[in-house]
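**Student:** Residue numbers (numbering that gives the first Met the number 0), protein chains in the order written: chain A, 0 to 303; chain B, 0 to 303.
Because the hints were derived from the structure by calculation, they are not lab data.
Backbone N, C-alpha and C fix where the C-beta goes; we use that ideal spot for every residue, glycine too.
Just to be clear, a hint being listed does not mean it is correct.
What the hints assert, rightly or not - Chain B regions said to be covered by chain A (calculated; three or more residues, Cβ under 8 Å):
#: 1; segment: 90-101
#: 2; segment: 105-115
#: 3; segment: 159-165
#: 4; segment: 203-212
To be verified - Derived Cβ-Cβ restraints for the label pairs, each shown as a range:
#: 5; chain 1: A; residue 1: Ser276; chain 2: B; residue 2: Ala205; range: 35 to 43 Å
#: 6; chain 1: B; residue 1: Glu209; chain 2: A; residue 2: Ala108; range: 49 to 57 Å
#: 7; chain 1: A; residue 1: Ser301; chain 2: B; residue 2: Leu67; range: 53 to 61 Å
The chain contents come next:
There are 2 protein chains.
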Amino acid sequence: MTSRPRTGIFGLGSMGYGMAQSLLRAGHELAAFDIAAEPVARIVAEGAQTGNPADLAPGLDRAVIVVLNAAQTRAVVLGNDHAPGLIDHLRPGATIIACATVAPDDARALAATVQARGLHYLDAPISGGAAKAAAGKLSIMASGSHAAFAGARPALDAMAEVVFEMGPEPGQGSAMKAVNQMLVGIQIAAMAEAMTFGLSQGIDVARSYEVITRCAGNSWAFENRGPHVIDGDYRPASAVDIWPKDLGIVLDAARAAKFSAPLTATALQQFLAASGSGLGSQDDAAVAKVYARNAGLTLPESDP
Amino acid sequence: MTSRPRTGIFGLGSMGYGMAQSLLRAGHELAAFDIAAEPVARIVAEGAQTGNPADLAPGLDRAVIVVLNAAQTRAVVLGNDHAPGLIDHLRPGATIIACATVAPDDARALAATVQARGLHYLDAPISGGAAKAAAGKLSIMASGSHAAFAGARPALDAMAEVVFEMGPEPGQGSAMKAVNQMLVGIQIAAMAEAMTFGLSQGIDVARSYEVITRCAGNSWAFENRGPHVIDGDYRPASAVDIWPKDLGIVLDAARAAKFSAPLTATALQQFLAASGSGLGSQDDAAVAKVYARNAGLTLPESDP
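Throw the hints in and build the complete structure from the sequences for me.
**Tutor:** As structure tokens, this is what we get:
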């Protein structure tokens with residue numbers, strides 16, 4: 000008799016919730032946690048358990064952490080003034096799978112602490128969006144020891160379409176994620192710059208989209224975010240405020256390596272202008288509003 | 000009995016030669032011209048005529064102009080100190096199809112002169128590269144009068160997979176091309192920035208390519224130019240020096256519209272640094288060498 004894989008998931012946001020569903024669908028015995036009660040209740044209705052992490056963590060073979068940033072990942076793993084962390088409760092030999100976008104240095108530091116406690120650490124940032132998370136079709140850029148990969152494998156198999164094994168050291172996965180975020184961030188801002196430049200030349204945004212998606216100017220970011228501008232729909236699939244964080248991670252790593260990254264630095268300024276002018280919680284395509292405002296142009300607005 | 004369409008083509012570079020082949024394949028009676036003797040001899044061997052434009056132009060219904068820039072387009076159409084231009088030889092009602100990437104203002108000015116002489120002018124920049132030119136599968140962003148489209152149609156049908164009709168005024172096609180070039184230029188520089196940043200983080204360029212082409216950071220430019228960096232092959236499919244010209248066109252149009260385009264301006268600086276340091280005639284992926292040099296990194300080099 001084969002027992003079911005015993006997995007915990009910490010964080011049930013737009014990515015984590017879909018990953019939890021993928022784990023359930025793959026037959027995992029799942030313990031799910033979030034500070035918000037509503038997604039916890041929903042995933043429990045789909046078959047997960049929940050409760051006090053101190054009670055449930057000792058029974059887990061692995062814990063997937065899908066929170067917003069390094070500080071939240073550290074709080075879950077190490078605890079804080081108010082609560083102990085996962086490292087105080089997981090059994091020796093269990094594996095922590097850290098999925099947030101964090102600086103490679105933060106991944107290395109946290110991994111060292113975790114490994115010193117007899118646990119495994121997989122640095123495992125994700126790419127693909129909420130729909131792919133729910134379908135178990137994420138791309139995961141992972142690095143860590145052989146034991147960390149082995150411990151994580153049942154969860155990776157459930158959540159990912161492809162796992163890029165970036166090397167044996169935590170931090171290598173996060174470095175690859177930084178390269179990806181550099182490109183996505185630049186290319187979302189480039190979409191905004193091009194759509195609004197076209198408008199300044201008398202080309203409406205839907206027409207630019209139609210042409211560019213069939214020409215050499217196309218990118219995943221253009222194709223994915225362009226419709227938000229055309230529809231004037233800035234409900235956050237992914238918020239502006241992700242980018243000051245993620246491009247900040249990229250530029251910190253670049254500065255430490257004495258690497259000059261002028262396009263990344265420029266894209267960051269545009270997202271900061273968006274955030275600083277009150278658009279931080281809107282969809283990141285709202286960076287187009289910065290360009291439009293600066294040029295006195297009018298973008299489509301959705302009907303209220 | 001239907002007579003064959005009578006078309007001239009001026010410019011037999013990597014794009015023009017393929018377009019000439021597509022016109023021949025579609026049954027056009029083709030007159031072909033270039034200042035270089037070698038491609039003229041080749042296309043004549045494939046079935047085109049050549050000779051003195053003054054003798055052949057009066058028999059043409061349309062002339063496709065595929066030269067490097069606005070100055071060369073003007074020289075072919077208007078002539079110069081040494082030679083008369085097409086407008087002195089084409090029959091009234093013939094159509095000029097101008098395919099170079101030029102400023103929208105230049106397209107408008109040249110069209111006005113051409114139209115004042117009783118000829119039609121289609122502003123018809125192209126996208127797609129040499130392989131698509133030879134296959135008759137270009138994307139063409141065209142604008143002009145109904146008569147200009149009608150006169151150009153047999154050539155458009157032979158050369159293009161898709162013709163985007165951007166409006167009735169010359170300049171609208173060139174404006175759309177400027178939007179496309181803005182994105183391609185930014186995204187080639189972003190490819191270079193990301194490949195070399197990855198290298199600074201210990202990720203080799205082939206690995207970055209493998210991961211990014213399956214993640215959200217992907218773009219047409221990344222996918223198309225990345226292999227040149229991986230192979231260290233900078234033979235010019237499209238040269239660095241295209242970009243100071245094309246991004247200059249974009250930024251001139253942007254400045255006239257008081258449109259702030261910081262990513263485009265930044266990308267231009269990187270191509271200028273490439274050109275200024277002696278890489279102007281190499282493939283535009285060589286902008287990666289600027290990043291590598293600035294960060295003390297070593298890129299792959301092809302075997303000599």
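**Student:** Given as covered by chain A, does the segment 203-212 of chain B meet the bar of three residues or more with CB within less than 8 Å?
**Tutor:** Holds, because 5 residues of the segment 203-212 of chain B bring their Cβ atoms closer than 8 Å to Cβ atoms of chain A.
**Student:** When you take the CB atoms of Glu209(B) and Ala108(A), is the distance between them in 49 to 57 Å?
**Tutor:** violated, 28 Å
**Student:** Is it true that Ser276(A) and Ala205(B) lie within 35 to 43 Å of each other by Cβ?
**Tutor:** holds, 41 Å
**Student:** Within the assertion that chain A covers the segment 90-101 of chain B, do at least three residues meet a Cβ-to-Cβ distance smaller than 8 Å?
**Tutor:** Three-residue rule not met by the segment 90-101 of chain B, so violated; n is 0.
**Student:** Is the listed coverage of the segment 159-165 of chain B by chain A valid when you require three or more residues with a beta carbon under 8 Å from a beta carbon of that chain?
**Tutor:** It holds, with 3 qualifying residues against the three required.
**Student:** Mind checking, does the segment 105-115 of chain B have 3 or more residues with a CB under 8 Å from chain A?
**Tutor:** It is violated, with 0 qualifying residues against the three required.
**Student:** Okay, Ser301(A) versus Leu67(B) on CB: inside 53 to 61 Å?
**Tutor:** Given a distance of about 44 Å, which is not inside 53 to 61 Å, the answer is violated.
Hint check: violations occur at hints 1, 2, 6 and 7; the rest are consistent with the structure.
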